[in-house]
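K.L.:
Take the sequence shown: its position 376, counted from the start at 1, is 675 in this note's numbering, and no numbers get skipped.
It is worth saying that the hints were derived from the structure and are not from the lab. Positions of the beta carbon are idealized from the N, C-alpha and C atoms, including for glycine. Heads up, some of the hints might be wrong.
Lysine-lysine pairs mimicking PhoX-like chemistry, simulated, CA-CA at most 25 Å apart [unchecked claim]:
no. : residue 1 : residue 2
1   : Lys437    : Lys451
2   : Lys800    : Lys820
3   : Lys389    : Lys368
4   : Lys406    : Lys368
5   : Lys748    : Lys855
6   : Lys610    : Lys765
7   : Lys717    : Lys692
8   : Lys729    : Lys855
Pair ranges (Cβ atoms, derived) [stated by the list, open to error]:
no. : residue 1 : residue 2 : range
9   : Lys877    : Glu432    : 45 to 51 Å
10  : Ser645    : Ala762    : 21 to 27 Å
11  : Asp618    : Lys765    : 28 to 34 Å
12  : Pro683    : Pro781    : 30 to 36 Å
13  : Thr578    : Gln375    : 54 to 60 Å
14  : Arg352    : Ser791    : 55 to 61 Å
15  : Pro683    : Arg352    : 49 to 55 Å
16  : Ser791    : Ser817    : 32 to 38 Å
17  : Ser645    : Ala883    : 49 to 55 Å
18  : Asp322    : Glu371    : 22 to 28 Å
19  : Gly617    : Glu432    : 17 to 23 Å
20  : Lys333    : Ala823    : 50 to 56 Å
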Amino acid sequence: MLEKMEILDVEIVIEEFEAMTKDAGSVQRETLKKILEENACAEYLQNLGLNGRTDPESFKACVPLVTHKDLEPYIQRITDGDSSPILTGKPITTISLSSGTTQGKPKFVPFNDELMETTLQIYRTSYAFRNREFPVGKGKALQFIYSSKQSKTKGGLFAGTATTNVFRNSQFKNAMQAIQSQCCSPDEVIFGPDFHQSLYCHLLCGLIFREEIQLVSSTFAHSIVLAFRTFEQVWEELCADIREGILSSRITFPSVRSAMAKLLKPNPELADLIHKKCTALSNWYGLIPELFPNVKYIYGIMTGSMEPYLKKLRHYAGDLPLLSADYGSSEGWIGANIDPNLPPESASYAVLPNIGYFEFIPLNENVEEHVQDKVNASFLSAEPKPVGLTEVKVGEEYEIIMTSFAGLYRYRLGDVVKVMGFHNSTPELKFVCRRNLMLTINIDKNTEKDLQLAVEEAAKLIAGEKMEVVDFSSHVDVSTDPGHYVIFWEISGEVSDEVLKECCNCLDRSFVDAGYISSRKVNAIGPLELRVVWRGTFQKILDHYLGLGAALSQFKTPRCVGPTNNKVLQILCGNVAKSYFSTAF
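Build the full structure now, drawing on both the sequences and the hints.
P.N.:
Now the structure itself:
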């Protein structure tokens with residue numbers, strides 16, 4: 300039956316999207332009505348006195364803005380097995396774990412069939428627009444996807460990362476076939492218990508099916524870069540496996556070995572061809588199109604904290620286009636990338652008005668007082684009133700508020716977005732930063748994006764020596780007086796002290812926030828410190844999160860390590876090879 304699977308009719312999907320976005324305002328009202336009707340019996344809503352009303356005005360008057368912390372007691376009862384209608388009308392049977400890289404520990408959020416349906420709708424929508432510009436033929440996708448184990452909560456619910464819950468859903472495989480994105484690796488590899496072994500097998504499957512591979516993808520750009528960095532280390536071993544038709548002894552799990560044995564046959568010609576291609580490359584530039592001649596594009600989330608990996612990804616991709624995937628979070632989806640021609644740095648996401656009810660808190664100048672005043676919890680009352688989806692203004696920045704089909708009502712996602720324009724009447728959003736991820740000591744405010752720009756600027760100084768920053772993070776050290784910024788770098792090789800001192804000064808000068816500069820000038824913030832860590836330090840951080848049950852496909856390097864994230868701080872501080880203080884001010 301699966302072989303005759305219908306390929307998605309992209310024109311119908313685009314027509315539906317166009318119709319829906321022409322009247323985004325009334326679709327939003329309908330969506331809110333549907334959410335509130337389906338969950339009218341939920342204890343959470345009952346206690347707020349909506350009494351069956353479903354209009355946006357009553358909803359906003361009765362239901363408060365909340366953060367995850369406010370909902371934790373309700374979610375805890377659900378995970379402990381209370382199946383009464385708490386947040387939703389129908390019982391929640393699955394829990395998603397967020398990646399946990401922002402706060403140091405994963406958050407639990409409800410996952411249900413409705414959320415799975417919105418996931419598939421997002422996939423279908425972006426595929427339709429993507430396929431119009433970059434049609435893929437009949438073939439396979441090399442997908443670096445990994446599913447961590449689904450565990451059981453105390454109350455017997457399935458719990459896994461959001462990506463795991465999607466990959467393990469019965470609808471996932473059919474949906475991937477319908478959008479011609481079938482993974483070239485067998486399920487045993489995707490669901491393999493050890494990500495290092497799965498990664499090796501993904502690469503091997505890609506090479507076996509190299510002529511058929513139409514696209515290379517992963518949830519996040521980081522995983523694609525990691526895969527090809529790994530390829531540089533293991534390519535000769537992969538060639539040996541293909542030559543002999545015998546799988547490397549590094550693969551130890553019987554289920555994975557037997558699945559791979561069905562695909563792997565001795566093929567000395569293929570092994571010779573790959574060997575020849577690899578030895579002919581200069582510094583691995585254009586590796587992906589050399590290995591996979593029919594690939595049309597590379598696909599994954601490439602915005603936000605993934606932007607620092609784009610340079611390396613472009614190096615491997617050569618002339619292949621990089622297409623940024625859609626915008627969402629463990630809590631739910633928000634928008635689809637409907638303009639795949641734009642480079643990832645310019646990507647924006649059109650909000651689908653029927654997948655949730657969205658509000659936006661305007662972030663104007665008074666955000667500054669909020670940051671200053673974060674000790675005083677009453678600052679929330681000073682916030683501007685949220686506006687609706689169709690009321691946002693182009694060029695302005697907002698914090699997103701989400702109401703989902705999975706029991707989150709007026710939920711502060713913590714993401715800051717900028718409105719880049721409108722598609723019909725729905726806004727196109729660009730992700731700016733996480734609202735709570737800030738380097739701040741005094742009156743300074745530097746976001747993850749500011750940190751990224753500073754690192755990019757300083758990294759130019761080592762590029763001349765053919766070196767690169769493999770990964771980076773930061774920390775505010777207030778154990779010194781005055782406090783100062785600490786930037787951690789892992790570098791691809793040896794760089795002289797002279798150059799690294801200059802990098803340190805360049806980092807310090809590259810934070811252009813007025814509050815930072817004025818504080819540095821009067822020594823209210825101390826000299827920036829650059830700590831260079833040993834090779835493999837960021838791999839240890841990744842292993843730490845995998846050990847906690849995170850899935851590689853959801854991993855994001857924590858860019859700003861707060862005091863609550865002490866295990867990651869221990870790994871970083873325990874692996875410092877050299878340290879430099881800025882003399883820029």
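K.L.:
Now tell me, hint by hint, if it's right for this structure.
P.N.:
Here is what the structure says about each hint:
1. Lys437 with Lys451: Given pair Lys437, Lys451 is violated - Cα atoms ~38 Å apart, limit 25 Å.
2. Lys800 with Lys820: Cα-Cα ~19 Å, so holds.
3. Lys389 with Lys368: holds, 23 Å
4. Lys406 with Lys368: holds, 9 Å
5. Lys748 with Lys855: holds, 14 Å
6. Lys610 with Lys765: holds, 13 Å
7. Lys717 with Lys692: holds, 9 Å
8. Lys729 with Lys855: holds, 18 Å
9. Lys877 with Glu432: 45 to 51 Å: holds, 46 Å
10. Ser645 with Ala762: 21 to 27 Å: Taking Cβ atoms as reference, Ser645 and Ala762 lie about 23 Å apart, which means the hint holds.
11. Asp618 with Lys765: 28 to 34 Å: violated, 22 Å
12. Pro683 with Pro781: 30 to 36 Å: Given about 33 Å between the Cβ atoms, the range holds.
13. Thr578 with Gln375: 54 to 60 Å: At roughly 56 Å between Cβ atoms, Gln375 and Thr578 fall inside 54 to 60 Å, so the hint holds.
14. Arg352 with Ser791: 55 to 61 Å: holds, 59 Å
15. Pro683 with Arg352: 49 to 55 Å: violated, 25 Å
16. Ser791 with Ser817: 32 to 38 Å: Taking Cβ atoms as reference, Ser791 and Ser817 lie about 35 Å apart, which means the hint holds.
17. Ser645 with Ala883: 49 to 55 Å: violated, 31 Å
18. Asp322 with Glu371: 22 to 28 Å: violated, 37 Å
19. Gly617 with Glu432: 17 to 23 Å: holds, 19 Å
20. Lys333 with Ala823: 50 to 56 Å: holds, 52 Å
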